[in-house]
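Working from the sequences, and respecting the hints, build out all of it.
Below are the chains, spelled out letter by letter.
Number of protein chains: 2
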Amino acid sequence: MSPEDLADRLQSGDRRALARAITLVESARPDHRARALALLEALPKENETLRIGLSGTPGVGKSTFIESFGLMLTGAGHRVAVLAVDPSSARSGGSILGDKTRMERLSRDPHAFIRPSPAQSELGGVARRTREAATLCAAAGYDVVLIETVGVGQSEVAVAHMTDLFCLLIAPAGGDELQGVKRGIMEIADLVLVNKADGALAAQAERTCADYAGALRLLRRRPQDPEGVPKALTLSATEGTGLDRAWSEMTALAEWRRAEGWRDRRRADQAVHWFEDEVRHALLRRLSQEPVKGAMTDLAARVASGEIAPATAAQELLDHWLGGAPPDR
Amino acid sequence: MSPEDLADRLQSGDRRALARAITLVESARPDHRARALALLEALPKENETLRIGLSGTPGVGKSTFIESFGLMLTGAGHRVAVLAVDPSSARSGGSILGDKTRMERLSRDPHAFIRPSPAQSELGGVARRTREAATLCAAAGYDVVLIETVGVGQSEVAVAHMTDLFCLLIAPAGGDELQGVKRGIMEIADLVLVNKADGALAAQAERTCADYAGALRLLRRRPQDPEGVPKALTLSATEGTGLDRAWSEMTALAEWRRAEGWRDRRRADQAVHWFEDEVRHALLRRLSQEPVKGAMTDLAARVASGEIAPATAAQELLDHWLGGAPPDR
Numbered sequence: 004m005s006p007e008d009l010a011d012r013l014q015s016g017d018r019r020a021l022a023r024a025i026t027l028v029e030s031a032r033p034d035h036r037a038r039a040l041a042l043l044e045a046l047p048k049e050n051e052t053l054r055i056g057l058s059g060t061p062g063v064g065k066s067t068f069i070e071s072f073g074l075m076l077t078g079a080g081h082r083v084a085v086l087a088v089d090p091s092s093a094r095s096g097g098s099i100l101g102d103k104t105r106m107e108r109l110s111r112d113p114h115a116f117i118r119p120s121p122a123q124s125e126l127g128g129v130a131r132r133t134r135e136a137a138t139l140c141a142a143a144g145y146d147v148v149l150i151e152t153v154g155v156g157q158s159e160v161a162v163a164h165m166t167d168l169f170c171l172l173i174a175p176a177g178g179d180e181l182q183g184v185k186r187g188i189m190e191i192a193d194l195v196l197v198n199k200a201d202g203a204l205a206a207q208a209e210r211t212c213a214d215y216a217g218a219l220r221l222l223r224r225r226p227q228d229p230e231g232v233p234k235a236l237t238l239s240a241t242e243g244t245g246l247d248r249a250w251s252e253m254t255a256l257a258e259w260r261r262a263e264g265w266r267d268r269r270r271a272d273q274a275v276h277w278f279e280d281e282v283r284h285a286l287l288r289r290l291s292q293e294p295v296k297g298a299m300t301d302l303a304a305r306v307a308s309g310e311i312a313p314a315t316a317a318q319e320l321l322d323h324w325l326g327g328a329p330p331d332r
Numbered sequence: 004m005s006p007e008d009l010a011d012r013l014q015s016g017d018r019r020a021l022a023r024a025i026t027l028v029e030s031a032r033p034d035h036r037a038r039a040l041a042l043l044e045a046l047p048k049e050n051e052t053l054r055i056g057l058s059g060t061p062g063v064g065k066s067t068f069i070e071s072f073g074l075m076l077t078g079a080g081h082r083v084a085v086l087a088v089d090p091s092s093a094r095s096g097g098s099i100l101g102d103k104t105r106m107e108r109l110s111r112d113p114h115a116f117i118r119p120s121p122a123q124s125e126l127g128g129v130a131r132r133t134r135e136a137a138t139l140c141a142a143a144g145y146d147v148v149l150i151e152t153v154g155v156g157q158s159e160v161a162v163a164h165m166t167d168l169f170c171l172l173i174a175p176a177g178g179d180e181l182q183g184v185k186r187g188i189m190e191i192a193d194l195v196l197v198n199k200a201d202g203a204l205a206a207q208a209e210r211t212c213a214d215y216a217g218a219l220r221l222l223r224r225r226p227q228d229p230e231g232v233p234k235a236l237t238l239s240a241t242e243g244t245g246l247d248r249a250w251s252e253m254t255a256l257a258e259w260r261r262a263e264g265w266r267d268r269r270r271a272d273q274a275v276h277w278f279e280d281e282v283r284h285a286l287l288r289r290l291s292q293e294p295v296k297g298a299m300t301d302l303a304a305r306v307a308s309g310e311i312a313p314a315t316a317a318q319e320l321l322d323h324w325l326g327g328a329p330p331d332r
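Note that the protein sequences, when read in sequence, are chains A and B.
Counting in this note's numbering, the final residue of the first sequence is number 332, and the numbers go up one at a time with none missing.
Counting in this note's numbering, the final residue of the second sequence is number 332, and the numbers go up one at a time with none missing.
The set of hints was computed from the structure by calculation and includes no laboratory data.
Careful, some of the hints might be misleading.
Remember, identical chains collapse to one label, so a pair may be satisfied in a single copy or spanning two.
[To be verified] Simulated crosslink set (EDC-like; lysine to aspartate or glutamate; CA at most 16 Å straight-line):
| id | residue 1 | residue 2 |
| --- | --- | --- |
| 1 | K48 | E310 |
| 2 | K234 | D214 |
| 3 | K296 | D280 |
| 4 | K234 | D17 |
| 5 | K48 | D267 |
| 6 | K296 | E279 |
| 7 | K234 | E51 |
| 8 | K48 | D280 |
| 9 | K48 | E7 |
| 10 | K296 | D146 |
| 11 | K234 | E293 |
| 12 | K234 | E209 |
| 13 | K296 | E319 |
| 14 | K234 | E190 |
| 15 | K296 | D17 |
| 16 | K48 | D11 |
Since we're looking at a predicted model, the values are computed, not measured.
What follows is the structure, encoded as structure tokens:
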């Protein structure tokens with residue numbers, strides 16, 4: 004199927020075409036990559052889908068939240084896609100979304116589309132491909148795209164770079180544990196959601212929420228928040244309480260940012276970020292392709308034997324490959 | 004002064020020429036870089052200097068150890084150079100070796116040469132330049148080069164990649180704290196040195212040493228150790244006890260590895276590692292130089308406006324710059 008045909012089928016709402024298109028953008032084969040680029044170019048520049056990033060450490064109830072929240076949204080007429088960025092999935096073999104039984108009801112919902120994290124060995128590759136998958140989901144008519152990630156450092160930053168809103172899901176905790184949340188993650192969060200505000204944990208959830216609200220006020224004020232700081236809310240994914248409030252806060256924030264021009268600015272910045280990321284990555288990939296690969300192997304042998312210094316050999320390779328640019332460090 | 008003259012002066016034992024040569028390899032200016040490469044090429048391929056990496060978290064007594072150990076070596080007729088890899092020095096303004104009062108006696112010793120960490124913003128740059136500084140020190144007749152680093156992750160790996168022996172300096176600790184030492188660092192350590200084996204801590208130091216020896220035996224056996232596992236020793240830098248034993252273990256290990264071919268193999272692997280590192284770094288540097296820089300700025304503007312997709316723009320840049328290689332991911 005040509006990229007243009009695939010683009011048409013995908014936009015008509017064909018789920019199999021969407022799954023196939025995502026497989027195409029995930030592929031490492033050069034000919035697949037060329038077709039993936041043609042497919043992405045053939046799609047209209049979408050603007051109306053809301054992309055929501057969701058991070059939280061294991062145990063905070065991410066799957067339960069996504070299932071309850073997703074079902075609420077599809078019940079209200081939305082079409083919801085769920086993607087994941089999990090750089091550990093390549094190693095562990097089991098993606099955080101690999102097991103659809105984690106979200107059994109949502110995965111059977113005809114208005115929802117769930118796709119596990121691409122299995123790649125490095126975060127950059129996983130993130131680049133998930134970002135493109137989100138574009139495909141938007142083109143396929145999903146008006147809400149949730150991108151889940153595990154709470155382990157750099158993957159949150161990558162997800163924040165591909166979403167309109169970044170939400171941090173946390174569990175009720177003692178005040179001391181607040182220290183454990185990385186400052187970097189607090190700084191990129193647009194909304195903090197305290198889960199498990201039910202039963203015996205209800206009061207503790209409210210205290211945790213107040214602690215986070217206080218911590219968020221201590222960080223520098225951000226012009227992209229209507230009140231200068233992100234909000235913190237409680238909810239219960241298992242009881243389904245607070246989900247509607249979370250959604251109305253998300254849409255209100257998204258609407259405000261759109262009206263104020265923040266959304267377009269963020270998307271433009273993100274596009275430039277991914278462009279630069281693609282350039283760096285593709286450039287380094289050339290080192291493992293001919294003719295550079297062979298030249299590197301030859302020079303490495305001369306370096307290993309002591310015939311030539313490492314830095315001189317590097318200079319020689321680049322000069323030969325790229326022509327007479329000035330020496331580099 | 005020409006690179007060849009500087010090479011001659013440096014090899015004649017001129018300390019100012021050595022300091023100047025290190026400043027040259029640390030410089031970011033392209034014309035300096037070209038002269039630095041010429042200088043490194045003009046030096047003989049040294050083989051007899053022993054390069055020792057030393058890592059340890061703040062508070063374990065690294066400075067005291069280096070001062071005592073260095074003075075013992077210069078007293079025995081060695082010439083000792085001390086370098087540092089501290090990626091935080093650029094930010095904090097104060098290198099771990101910036102304050103020579105930390106090693107006051109050693110810094111006044113005519114047979115010792117102390118040089119603070121180069122102030123650069125990223126570990127890669129600091130490490131590349133420190134490795135070259137070690138080569139200069141060796142050419143200048145320093146037969147022992149100690150390279151210190153703070154105990155924070157990646158910098159140890161970089162130092163292990165530029166030394167013949169990598170030593171981990173630790174303080175006496177409870178058994179539980181053993182868990183806190185990163186497995187990765189245990190795996191690259193060639194010798195574990197438990198400092199502060201004096202006074203009230205003497206017995207605890209012995210227990211810590213036994214705990215580490217046990218932990219080292221649990222890791223996979225390494226053919227580059229004569230007994231299959233690295234050793235653990237106690238010493239007291241303040242009292243000067245155990246330093247001779249540490250030195251004789253280092254030299255015995257270095258001699259054995261040299262006789263068995265491990266030293267040359269390690270040095271060859273290291274040279275290839277630094278060659279590949281230089282290539283990657285220099286390649287990415289070209290992105291911030293003309294003509295690529297201007298082309299990237301233009302494409303970034305088109306990406307920001309939505310005129311072209313990030314991945315397509317990246318492909319266009321690379322095709323234009325590097326010619327018709329196959330599409331890339």
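Hint by hint, here is what the structure shows:
1. Taking CA atoms no more than 16 Å apart as the test, K48 paired with E310 passes between copies only; the shortest distance there is 9 Å, against 54 Å inside one copy.
2. Taking the shortest Cα distances, K234 and D214 sit within 16 Å of each other inside one copy (12 Å), while across copies they are farther apart (48 Å).
3. When the C-alpha separation of K296 and D280 is checked against a cutoff of 16 Å, the pair qualifies only between copies, where the shortest distance is 14 Å, while the shortest distance within a copy is 22 Å.
4. Taking the shortest Cα distances, K234 and D17 never come within 16 Å of each other, neither inside one copy (37 Å) nor across copies (63 Å).
5. Taking the closest pair of Cα atoms, K48 and D267 come within 16 Å of each other only inside a single copy of the chain (12 Å); across copies the shortest separation is 57 Å, beyond that limit.
6. Taking the shortest alpha-carbon separations for K296 and E279, only the inter-copy value of 11 Å comes in at or below 16 Å, while the best intra-copy value is 23 Å.
7. Taking the shortest alpha-carbon separations for K234 and E51, neither the intra-copy value of 23 Å nor the inter-copy value of 63 Å comes in at or below 16 Å.
8. Taking identical chains as interchangeable, the C-alpha atoms of K48 and D280 are never at most 16 Å apart, the minima being 20 Å within one chain and 39 Å between chains.
9. In this homomeric assembly, K48 and E7 come within 16 Å of each other (Cα to Cα) only inside a single copy, at 15 Å, whereas the closest approach across copies is 59 Å.
10. Taking the shortest alpha-carbon separations for K296 and D146, neither the intra-copy value of 44 Å nor the inter-copy value of 37 Å comes in at or below 16 Å.
11. When the C-alpha separation of K234 and E293 is checked against a cutoff of 16 Å, the pair qualifies neither within a copy, at 52 Å, nor between copies, at 44 Å.
12. When the C-alpha separation of K234 and E209 is checked against a cutoff of 16 Å, the pair qualifies only within one copy, where the shortest distance is 13 Å, while the shortest distance between copies is 53 Å.
13. For the homomeric pair K296 and E319, the shortest alpha-carbon distance inside one copy (14 Å) is at most 16 Å, but the shortest distance between copies (22 Å) is not.
14. Taking identical chains as interchangeable, the C-alpha atoms of K234 and E190 lie at most 16 Å apart only when both belong to the same chain, with a minimum of 12 Å there against 45 Å between chains.
15. Within a single copy, K296 and D17 get their C-alpha atoms no closer than 41 Å, and across copies no closer than 41 Å, so neither meets the 16 Å cut-off.
16. Taking CA atoms no more than 16 Å apart as the test, K48 paired with D11 passes inside one copy only; the shortest distance there is 14 Å, against 64 Å between copies.
The structure shown violates the earlier hints numbered 4, 7, 8, 10, 11 and 15.
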